[in-house]
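The listed protein sequences derive, respectively, from chains A and B. Taking our numbering, the leading residue of the first sequence gets 2, the next gets one more, and so forth. Taking our numbering, the leading residue of the second sequence gets 2, the next gets one more, and so forth.
Any given hint could turn out to be false.
Because identical chains cannot be distinguished in the list, a pair is counted as satisfied if it fits within a single copy or across any two copies.
To be verified - Here are the computed lysine to any residue pairs in the SDA-like style, where the Cα-Cα straight-line distance is at most 20 Å:
(1) Lys49 <-> Pro71
(2) Lys49 <-> Pro79
(3) Lys49 <-> Asp5
(4) Lys49 <-> Asp70
(5) Lys49 <-> Arg38
(6) Lys49 <-> Ala27
(7) Lys49 <-> Glu66
(8) Lys49 <-> Arg4
(9) Lys49 <-> Arg92
(10) Lys49 <-> Ser77
(11) Lys49 <-> Gly142
(12) Lys49 <-> Ser174
(13) Lys49 <-> Asp8
(14) Lys49 <-> Arg197
(15) Lys49 <-> Glu95
Simulated from the structure, these hints should not be mistaken for lab results.
Protein chains: 2
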Amino acid sequence: MARDTRDRILDAASRLFSERGFDGTAVAEVLALAGVRSGSLYHFFAGKEALAEAVVARCADRLREALLDPAEAAASDPLERVFALVGLWRRGLENGAPGAADPTGLLAAELAARRPTIGRLAEGYGARLATRVRGWLDAAGPRLPAGTDRGELAGFVFTVLEGATMQSRAAGSVEPFDRAVGQLRLLFSLLEGAARAAPVPVTGKAEQPAATVRTDGDPAGWRAW
Amino acid sequence: MARDTRDRILDAASRLFSERGFDGTAVAEVLALAGVRSGSLYHFFAGKEALAEAVVARCADRLREALLDPAEAAASDPLERVFALVGLWRRGLENGAPGAADPTGLLAAELAARRPTIGRLAEGYGARLATRVRGWLDAAGPRLPAGTDRGELAGFVFTVLEGATMQSRAAGSVEPFDRAVGQLRLLFSLLEGAARAAPVPVTGKAEQPAATVRTDGDPAGWRAW
């Protein structure tokens, strides 16, 4: 029962933060959407920032069940799993369903400077997502060029999701998201084409080794996730 | 003199919003950094939201002189202009110099839902940036595959800048930005490689026509910029 109340508050806060940002959301609106009194909220959370932190922590906890496992189940082809994940992410953006839309990136950008825990949770979130994507990219084996740094590419998928989400929020439409995904598909098509053409390191690597393809292992410790 | 005061306030607000977001910035901090009294601020701006709107409007106004023209001047090669722009953007992130760091994306994400003008200004900003980049991509001619939608690719450069900026803010480091730029370079290397290999539509187009390469002209009216 207490658990239900806490979850209801977090569902409401997650949805409102996702739609309006931290500052744009009044605690009174969270209470109204969750159907609870302020005493219940302050029983669980010391204040609005603590509530935001709990929302981000829960998103990170739920990432596996909400996005990663369903994406893996939705496609058997390892590269299509990447786009199944993208599709699930998009559904969260579009529906604004409680718990579906993910305010992690926005809350981290707004709050990390004064609440470092939120920045760390958001980084952990990105790292977990990228680690799973990296596993899919590894499973794609020779369908990607031999020289591709799959860890970097996995991190880039998350960068694109974040940027596309920001643009879609500003535009109030999923159209920018879809356009960005089209270009991400282009990148993957090119990688597959390059792998088919020559099962050796990707074109251009010799010209721009440092910036183009990183091969220095696991600099951010992503494998720890 | 009045103009100076207004600019000083906007410089301070731009820097603080960029570092801490809208909510994380107190009007008193803007006043302290700008070295003005609250009367001066409220002489020019009706309130904190109006101040944020003016910051975003000024970023859009200054985009040409602050980023686009310098990027064009920094490189004669049209594709290297894209990365000159990326480098200038990065400098803003790194320095936190007044007026250099650009809070447009963050303010739009935070405020667009309740202050639509900010969303529209941010979209205009992205559209102007993408239009200039598109011109560079057009100038690259046959160095990019014939089937590439250069408008979509230009918009994607902005998506990556936004996503990488968000991640760098959350991490408090430019490292995520640099990693994303490495992958953007990879995309361009692959495009150039594909163009060299076959001066015809890019690999994979036939398999995923709608998502991979759009050829439906100018759906968002970007050419108007």
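Here is how each hint holds up against the structure:
no. : hint             : verdict
1   : Lys49 <-> Pro71  : neither (31 Å within a copy, 42 Å between copies)
2   : Lys49 <-> Pro79  : neither (40 Å within a copy, 48 Å between copies)
3   : Lys49 <-> Asp5   : within (19 Å within a copy, 37 Å between copies)
4   : Lys49 <-> Asp70  : neither (31 Å within a copy, 43 Å between copies)
5   : Lys49 <-> Arg38  : within (14 Å within a copy, 30 Å between copies)
6   : Lys49 <-> Ala27  : both (9 Å within a copy, 17 Å between copies)
7   : Lys49 <-> Glu66  : neither (26 Å within a copy, 40 Å between copies)
8   : Lys49 <-> Arg4   : within (19 Å within a copy, 38 Å between copies)
9   : Lys49 <-> Arg92  : neither (27 Å within a copy, 33 Å between copies)
10  : Lys49 <-> Ser77  : neither (41 Å within a copy, 50 Å between copies)
11  : Lys49 <-> Gly142 : neither (46 Å within a copy, 53 Å between copies)
12  : Lys49 <-> Ser174 : neither (27 Å within a copy, 26 Å between copies)
13  : Lys49 <-> Asp8   : within (15 Å within a copy, 33 Å between copies)
14  : Lys49 <-> Arg197 : neither (52 Å within a copy, 55 Å between copies)
15  : Lys49 <-> Glu95  : neither (25 Å within a copy, 30 Å between copies)
Hints 1, 2, 4, 7, 9, 10, 11, 12, 14 and 15 from the earlier list are contradicted by this structure; the remaining hints agree with it.
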